[in-house]
Amino acid sequence: MDRCIKAFTTDVWMSNVVEQSLVIEDLLRYFPIVAIDTEFPGFLRDTSRHASDEQRYADVKHNVDGTSIIQFGLALFDASGNQPWPGCCWQFNFADFDPDLSASSPNSIRLLQESGHDLHKNRRNGIKSAQCYSLLRHKLFRGHNAKYITFHGLYDVAYLMKVLTAGRPLPDNLPEFLFEAGNIFGELYDLKHVARSCPGLLGGELGLTKLARLVKLKAEGVAHQAGFDSMVIGLVFAEMKKRWEIEKAQFVMVLYGVEKACVEFKIKASIERAQRLSSLPPLLQWLPPVHGVVNYHPPANDATISVEQTIIPQLQLPLPQSSSVVVNYSSPGLLPLPQSSSVVVNYSSPGLLPASAPPFNPVQPVQYYFHSWPYPMQFMHYFA
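Numbered per full-length UniProt numbering, the sequence shown spans residues 1 to 384.
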């Protein structure tokens, strides 16, 4: 018997974006699987079905840089596929798109209007991304404990990247785009790509509605509303997990349409990580992560930024008198950092701390040291 879920959508506007962002931030602790979808005003330039990955990305950049997001949908799940309450989802309505002036595809605008979008209401009451990008990034994309689920998600990732970087143009090339996307989303799955490896799912050559039908899922709501579509994406992910082993490293950050480039980027990044590890002193190579912490000897050229507060995992290793510890830090959009990065904090301890000693907690505030800027972002992200 097919499973049927009715959507209960919370619309988010400029008037309640802070309130709802705080609600979602709190729920993320218990429901860390985040299904996402976006609605946008169509394509200014179409892409050939047989285009190379590089040409496809060039078209994505042209389209996303030249248009504005209309709506962002989000639905939360736990590892068992449960939601905070059945059918719950949110859709963030943006004011960035001006229906009278902004570039768009007429056919796409017509489809959105037929699906219930009031673009003039969005313009009047919607979220101004230039004012709220820091809030959204800090509350909804604050770290890599979450998993993000998309369907045919290249444009979703691109539009959200534009929103979360204050409208900055997309990176000039695909590897830079993938690097920045990894910093923002961490562990992300594109179900259209994942479906390629699942027997009975037509090699991934299907739409979201067809995929939901094949996994025996029914949902009540309006398609092309980002909240409803994100809920369906999350429910489909939960159903696919029951049938196939899909939470594999091979699927992480591989976006449908540019799979070859994604895989090549991941291989290159793995090689670079291995080379950097091999360059560490032997003692540091074998030290395992402890509560998310790795000992690391920093280079000499340091730039220092003071931050008011952080939470450093407790340490119970024998530590030398002066050490450097890599810690996780989530930027609230105020520093020129990826939203989740690893940084090095230097501290001095009074002699050796034996394993049986009480946990060592550095005094707050602390100094964060960013080494050899800007290259260590990828390096330190590895240690997170």
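Simulated from the structure, these hints should not be mistaken for lab results. Since this is a predicted model, take the numbers as computed values, not measurements. Ideal placement from N, C-alpha and C gives every residue a C-beta, glycine not left out. Check before you lean on any hint, since a few could be wrong.
Pairs of lysine-lysine, BS3-like flavour, derived with a Cα cap of 27 Å [to be verified]:
id, residue 1, residue 2
1, K139, K210
2, K218, K6
3, K216, K268
4, K210, K260
5, K248, K260
6, K241, K210
7, K260, K6
8, K216, K241
9, K218, K61
10, K242, K218
11, K121, K139
12, K241, K260
13, K6, K242
14, K242, K121
15, K139, K61
16, K218, K260
17, K121, K260
18, K6, K266
19, K121, K210
Simulated restraints on C-beta separations [as the list claims (entries may be wrong)]:
id, residue 1, residue 2, range
20, R45, N125, 25 to 35 Å
21, D65, K268, 20 to 30 Å
22, D78, R45, 23 to 33 Å
Quick check: does the Cβ-Cβ distance between D78 and R45 fall within 23 to 33 Å? violated, 40 Å
For K216 and K241, compute the direct alpha-carbon distance and say whether it is at most 27 Å. holds, 13 Å
Compare the distance between the alpha carbons of K121 and K260 with 27 Å, and conclude whether the hinted pair is satisfied. violated, 41 Å
Agreement of K260 and K6 with the hint, judged by alpha carbon distance not exceeding 27 Å: violated, 37 Å
For K218 and K61, compute the direct alpha-carbon distance and say whether it is at most 27 Å. With Cα atoms ~34 Å apart, K218 and K61 exceed 27 Å; violated.
Restraint status (C-alpha distance of K241 to K260 at most 27 Å): Roughly 24 Å between the alpha carbons, so the hint for K241 and K260 holds.
Is the Cα-Cα distance between K6 and K266 27 Å or less? violated, 38 Å
Within 27 Å, alpha carbon to alpha carbon, are K241 and K210? holds, 17 Å
R45 versus N125 beta-carbon gap, inside 25 to 35 Å or not: holds, 31 Å
Given the hint that K210 pairs with K260, does the C-alpha gap stay at or below 27 Å? holds, 25 Å
Hint check: K139 vs K210, CA-CA at most 27 Å. Holds or violated? Given pair K139, K210 is violated - Cα atoms ~33 Å apart, limit 27 Å.
Run the distance test for K121 versus K139: straight-line Cα separation, threshold 27 Å. Given that 27 Å is the threshold and the Cα spacing comes to 25 Å, the pair holds.
Against the hints set out earlier in the document, violations occur for numbers 1, 3, 7, 9, 14, 16, 17, 18, 19, 22.
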